[in-house]
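Colleague: Listed below, chain by chain, are the residues.
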Amino acid sequence: MKALCWQGVNKLSVENVPDPELHNDQDMIVRLVAGTTCGSDLHLIGGYIPAMRAGDVIGHEFVGEVVETGPGVRRHKVGDRVVVCSFVGCGRCWYCANDLWSLCDNTNTNPGYGQALFGYETAGIFGYSHAMGGLRGSHAEYVRVPFADYGAFRVPDGIDDVSALFVSDSVPTGWMGADLAGVGPGDVVAVWGCGAVGQMAARAASLLGAERVIAIDRLPERLAMAERYAGCETIDYTATDVAAELRERTGGRGPDVCIEAVGMEAHSDGPMYLYDQAKQQLRMQTDRPTAVRQAIHACRKAGTVFILGVFAGAVDKFPLGAVINKGLTVRGAQMHGQRYIPMLLERLASGELRTAHLATHTVPLDQAPKAYDMFKHKTDGCVRTVIRP
Amino acid sequence: MKKTWWVVPVIGAGAVAARRAWPAGSRSGGKPDDRWLTVTINRPVGEVGSGEKPPPPLDRFGESIDVRTRPAPGDRGTELAVRPAGREARQRSSSLPARMSGQDPRQELRQALREAKALLEAGEVLHADTPPTTRPTPAGKLLGLLNRRSGGEGVL
Ligand SMILES: NC(=O)c1ccc[n+]([C@@H]2O[C@H](COP(=O)([O-])OP(=O)(O)OC[C@H]3O[C@@H](n4cnc5c(N)ncnc54)[C@H](O)[C@@H]3O)[C@@H](O)[C@H]2O)c1
Ligand SMILES: [Zn+2]
Ligand SMILES: [Zn+2]
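Going down the list, the protein sequences come from chains C and H.
Counting with this note's numbering, you get residues 1 to 389 for the letters of the first sequence.
Counting with this note's numbering, you get residues 1001 to 1156 for the letters of the second sequence.
Take the hints with a grain of salt, since some may be wrong.
Here chain H is said to cover these stretches of chain C; the calculated rule only asks that three of the stretch's residues, wherever they fall, bring their Cβ under 8 Å from a Cβ of chain H [to be verified]: (1) 9-19; (2) 94-107; (3) 110-119; (4) 140-151.
Negatives, chain H to chain C, calculated, CB over 10 Å [what the hints assert, rightly or not]: (5) 1057; (6) 1059; (7) 1060; (8) 1070; (9) 1071; (10) 1090; (11) 1108.
Rather than coming from a laboratory, the hints here were simulated on the basis of the structure.
Every residue gets a Cβ at the ideal spot worked out from N, C-alpha and C, and that includes glycine.
Build out the structure end to end from the sequences listed, making use of the hints.
Modeller: This is the structure in structure tokens:
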């Protein structure tokens, strides 16, 4: 079958690879209907995520049709249309049982890396390096889905493929940020980054009762989307001093909750950016935490900062002083998708949540390398490209 | 090629972090590694077994390992701990040559412990996708080696 393979830093190609096979009783095979580019893939393509091998199939956000089930699969049958969570959870370890699915103890086939880098390994994720599970990605014609009863969800008939697609990863990620940051009625929430993840975090914040949501980015088309679909106010961070602007808009208090949805390749105009970029390229620091620093600085006293953007290792100039002296709560997580997906599908069906606008482009699998190039450089107003095999 | 070598320092950084993460002394040449390898299994003690009757695949180690179980605090299931039986075996297992050649019995034990947990909790041990889609490159070969170790290697 055809699949999109990582071939080295900033090199992708479509290759013929062997079809996936059932290896465990609880596996199933899904025929891809649609997949999408995710900001997390950019970190991986850029070589910032360790333990990639030339030829690894990437992709982790997808919807498809069940074509084969292992003997241990109970909840799905051939022909079902399913959206599959990007992180794989066994459903029965302590973490899965406590709805902390991206921390599953039993789905990373190479636990040594995570244990070395982070102290403990994460759950496995599709197509996201040997350190994060060693599982094949979904930008292919078929993909093997382990622990299928827990990670795959039937898409209700009223929901189209493209709307359902984003419920695999970006929507639950955004929702989790607002939920675990404790957003509630009366809060003013600021969101850094208006990619799919940031837009969904902003929408979740308003559905969870936030009084006001302020979204921050530099790309006008994304800011416009956040206004239109998430009902936010916006700030172009290249046009103003973000912290001062937030202070002014919040009666001098600062936002109650700050959600960072940018990640380790954040951009900025300041001198700090050149410093971070140089250090990152020399691999003296693995991540560029521009937006995290800003969020911590701007947050109100005793507020909460939630980091949704992906970081892989160590950062420099982390404002620890602000965290302790302002009494902040700083949290982060990879997405616990299984916890939210059924609820999100219901909200999608009821029209409360909309995702289709994120799909600004659609390409066949053959053109996926070009699609990633466009997504990386944010050209032609690209927010997400849908990839159809 | 020029750019792919970036990947290596990142892995290298991980390896350095790993060395640092390991408790000082536990790997020092000659000193027997008395530390227990432990996991917590989200099942009651009765299902996990005991020193006399360890769960599969640990049962295949027979007399060559020490095994103990105890309830984990706060309803977190059962703590299962194992180590090579006897000081002599433990001494051998912590030697550098044994570790490098993949002959370290602690690595095999670590892997078996993880598998016991997965079998009890999830009913199966997740296998990586095969056949692989990767092609051989120098950095990739190094990674392949690390991957093979990574199932057993770690801080358990
Ligand atoms: N935690 C999780 O489980 C999870 C899941 C999916 C994605 N992610 C991460 O979320 C992040 C966003 O993903 P995405 O798909 O929306 O990516 P994206 O690349 O489409 O969006 C990132 C946005 O951040 C903006 N940005 C860059 N620098 C900024 C700054 N200094 N201030 C404000 N905005 C800035 C960019 O202009 C862009 O619009 C990535 O880091 C991704 O890895 C995390
Ligand atoms: Zn993603
Ligand atoms: Zn689990």
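Colleague: Now look at each hint and say whether the structure bears it out.
Modeller: Checked hints:
no., hint, in the structure
1, 9-19, "holds (count 5)"
2, 94-107, "holds (count 5)"
3, 110-119, "holds (count 8)"
4, 140-151, "holds (count 3)"
5, 1057, "15 Å, holds"
6, 1059, "20 Å, holds"
7, 1060, "20 Å, holds"
8, 1070, "16 Å, holds"
9, 1071, "13 Å, holds"
10, 1090, "21 Å, holds"
11, 1108, "14 Å, holds"
Violated hints for the displayed structure: none, as all numbered hints are satisfied.
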